[in-house]
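Visitor: Model the full structure from these sequences, guided by the hints.
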Amino acid sequence: MHMRNVIEEIERIADDIQSTSVDARKISGEIVTRMESLFRNASSFDTNIDTMDQRYQWTENTSYMWTPDEGEAGYGVVAATGAVPVDDAVKRELRLYEYMRPFLREAYARNPYVDETWYIDKKSLAVGQTYLSLSGALPPGFDAAKVCASGITYYDYFGWVDAAQNPERIPRWAPSPFIELLSCFIQAVHAPIYKRVDDPEMSGFAGVHYNLEWVNAATVDKSKNRIIIVSGGGTLVGASMDALQAIRMEPFVKQKPSWQASQEVRHYVDVERNLEREKPEELAELSRKIRTSESFEHTLYGRKFSVVRRSVPELDFYVAALI
Numbered sequence: 001m002h003m004r005n006v007i008e009e010i011e012r013i014a015d016d017i018q019s020t021s022v023d024a025r026k027i028s029g030e031i032v033t034r035m036e037s038l039f040r041n042a043s044s045f046d047t048n049i050d051t052m053d054q055r056y057q058w059t060e061n062t063s064y065m066w067t068p069d070e071g072e073a074g075y076g077v078v079a080a081t082g083a084v085p086v087d088d089a090v091k092r093e094l095r096l097y098e099y100m101r102p103f104l105r106e107a108y109a110r111n112p113y114v115d116e117t118w119y120i121d122k123k124s125l126a127v128g129q130t131y132l133s134l135s136g137a138l139p140p141g142f143d144a145a146k147v148c149a150s151g152i153t154y155y156d157y158f159g160w161v162d163a164a165q166n167p168e169r170i171p172r173w174a175p176s177p178f179i180e181l182l183s184c185f186i187q188a189v190h191a192p193i194y195k196r197v198d199d200p201e202m203s204g205f206a207g208v209h210y211n212l213e214w215v216n217a218a219t220v221d222k223s224k225n226r227i228i229i230v231s232g233g234g235t236l237v238g239a240s241m242d243a244l245q246a247i248r249m250e251p252f253v254k255q256k257p258s259w260q261a262s263q264e265v266r267h268y269v270d271v272e273r274n275l276e277r278e279k280p281e282e283l284a285e286l287s288r289k290i291r292t293s294e295s296f297e298h299t300l301y302g303r304k305f306s307v308v309r310r311s312v313p314e315l316d317f318y319v320a321a322l323i
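As numbered in our numbering, the sequence shown has no gaps in its residue numbers, which increase by one up to the final residue, 323.
Rather than coming from a laboratory, the hints here were simulated on the basis of the structure. Treat the hints with caution; some may be incorrect.
Said to hold, decoys possible - Using C-beta positions, here's what the derived DEER-type ranges look like:
| no. | residue 1 | residue 2 | range |
| --- | --- | --- | --- |
| 1 | S306 | D199 | 31 to 41 Å |
| 2 | P140 | E8 | 25 to 35 Å |
| 3 | S37 | R303 | 56 to 66 Å |
| 4 | A218 | P140 | 36 to 46 Å |
| 5 | A73 | E281 | 46 to 56 Å |
As the list claims (entries may be wrong) - With a straight-line Cα cutoff of 30 Å, these simulated DSS-like cross-link-like pairs (lysine-lysine) come out:
| no. | residue 1 | residue 2 |
| --- | --- | --- |
| 6 | K26 | K146 |
| 7 | K224 | K304 |
| 8 | K123 | K91 |
| 9 | K123 | K224 |
| 10 | K256 | K123 |
| 11 | K289 | K222 |
| 12 | K195 | K122 |
| 13 | K224 | K91 |
| 14 | K222 | K256 |
| 15 | K222 | K304 |
| 16 | K224 | K279 |
| 17 | K195 | K26 |
| 18 | K146 | K195 |
| 19 | K146 | K91 |
| 20 | K279 | K289 |
| 21 | K122 | K146 |
| 22 | K222 | K146 |
| 23 | K279 | K256 |
| 24 | K254 | K279 |
| 25 | K224 | K122 |
| 26 | K222 | K195 |
| 27 | K26 | K254 |
| 28 | K304 | K279 |
| 29 | K26 | K123 |
| 30 | K123 | K195 |
| 31 | K224 | K254 |
| 32 | K195 | K224 |
| 33 | K146 | K123 |
| 34 | K146 | K254 |
| 35 | K91 | K122 |
| 36 | K256 | K146 |
| 37 | K304 | K289 |
| 38 | K256 | K122 |
| 39 | K222 | K26 |
Note that this is a predicted model, so its numbers are computed, not measured. Note that beta-carbon positions come from the ideal geometry of N, C-alpha and C, so glycine has one too.
Guide: The following block contains the structure:
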């Protein structure tokens, strides 16, 4: 009976992560469709800059519009960071972006693990919905494309989906879980956006953040069983308290934003939270077995466990129980 209950629990968790991550990827594709349609039908929309919202804040040739929403809908953002001079053409583009806000708010709200929905272009103009208010967080002149190319964002958000790495123009998940600019532990899916069908260069990307801390809070944090979530690269994505004790790992610790401590957070995720890097061989072997077998016996620190697991193919994650 206990074995069956544990298997049912890991199946529920795996199914939950699978369905919500598939939805997150679909959201990125929907942002592409709607944003590209907006660009190609721009003349149909009112972009009169004489009636721009008073919530735009013009500072040092920089524009920010931060619109707090009530309840759990997050913070709406329409912004130019000053990476390019804010002239009338940029202002009209911001006015056009405003028409994306209702959809981005709805998409953010419909998925329990999505903490950001975005369109960000190479000029650092953006429209999105975020879990945390970004008001005042970005310095005037912040250049998103240069920041991403610098490496402090774990991987290049623009390059990852641009033509050279993504000729199919499809949504792509980040290669691994990571700590992002605001210190959230996430997976992210990005998709390229083109202003014209025949344009060989994307204008920017659709970004959807899938918050792994929220996944843990809704799943393994509540479990009375020894359950872990492991990425295909061996990163410990989540674990119940009893599981942490069994594998002798510490609970996840909130990290600094990646832009403040890029190397530290990279080491934390890629090494400290990885079950196979600089870890005892019996723990590394457990991780490797989880990726290759649905059930097996394994001895860890002198204790024998029956291990069962279910996979999450969308993210290349594995949900396993040590019984």
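Visitor: Determine for every hint whether it applies to the structure shown.
Guide: Results for each hint:
no.: 1; hint: S306 - D199: 31 to 41 Å; in the structure: violated (55 Å)
no.: 2; hint: P140 - E8: 25 to 35 Å; in the structure: violated (53 Å)
no.: 3; hint: S37 - R303: 56 to 66 Å; in the structure: holds (57 Å)
no.: 4; hint: A218 - P140: 36 to 46 Å; in the structure: holds (38 Å)
no.: 5; hint: A73 - E281: 46 to 56 Å; in the structure: holds (48 Å)
no.: 6; hint: K26 - K146; in the structure: holds (27 Å)
no.: 7; hint: K224 - K304; in the structure: holds (19 Å)
no.: 8; hint: K123 - K91; in the structure: holds (13 Å)
no.: 9; hint: K123 - K224; in the structure: violated (49 Å)
no.: 10; hint: K256 - K123; in the structure: holds (26 Å)
no.: 11; hint: K289 - K222; in the structure: holds (25 Å)
no.: 12; hint: K195 - K122; in the structure: holds (12 Å)
no.: 13; hint: K224 - K91; in the structure: violated (54 Å)
no.: 14; hint: K222 - K256; in the structure: holds (25 Å)
no.: 15; hint: K222 - K304; in the structure: holds (24 Å)
no.: 16; hint: K224 - K279; in the structure: holds (25 Å)
no.: 17; hint: K195 - K26; in the structure: holds (20 Å)
no.: 18; hint: K146 - K195; in the structure: holds (21 Å)
no.: 19; hint: K146 - K91; in the structure: holds (22 Å)
no.: 20; hint: K279 - K289; in the structure: holds (15 Å)
no.: 21; hint: K122 - K146; in the structure: holds (9 Å)
no.: 22; hint: K222 - K146; in the structure: violated (40 Å)
no.: 23; hint: K279 - K256; in the structure: holds (24 Å)
no.: 24; hint: K254 - K279; in the structure: holds (21 Å)
no.: 25; hint: K224 - K122; in the structure: violated (47 Å)
no.: 26; hint: K222 - K195; in the structure: violated (45 Å)
no.: 27; hint: K26 - K254; in the structure: holds (29 Å)
no.: 28; hint: K304 - K279; in the structure: holds (19 Å)
no.: 29; hint: K26 - K123; in the structure: holds (25 Å)
no.: 30; hint: K123 - K195; in the structure: holds (13 Å)
no.: 31; hint: K224 - K254; in the structure: holds (23 Å)
no.: 32; hint: K195 - K224; in the structure: violated (50 Å)
no.: 33; hint: K146 - K123; in the structure: holds (10 Å)
no.: 34; hint: K146 - K254; in the structure: holds (26 Å)
no.: 35; hint: K91 - K122; in the structure: holds (16 Å)
no.: 36; hint: K256 - K146; in the structure: holds (21 Å)
no.: 37; hint: K304 - K289; in the structure: holds (14 Å)
no.: 38; hint: K256 - K122; in the structure: holds (26 Å)
no.: 39; hint: K222 - K26; in the structure: holds (28 Å)
Figure legend: structure checked against the earlier numbered hints; hints not met, in rising order: 1, 2, 9, 13, 22, 25, 26, 32.
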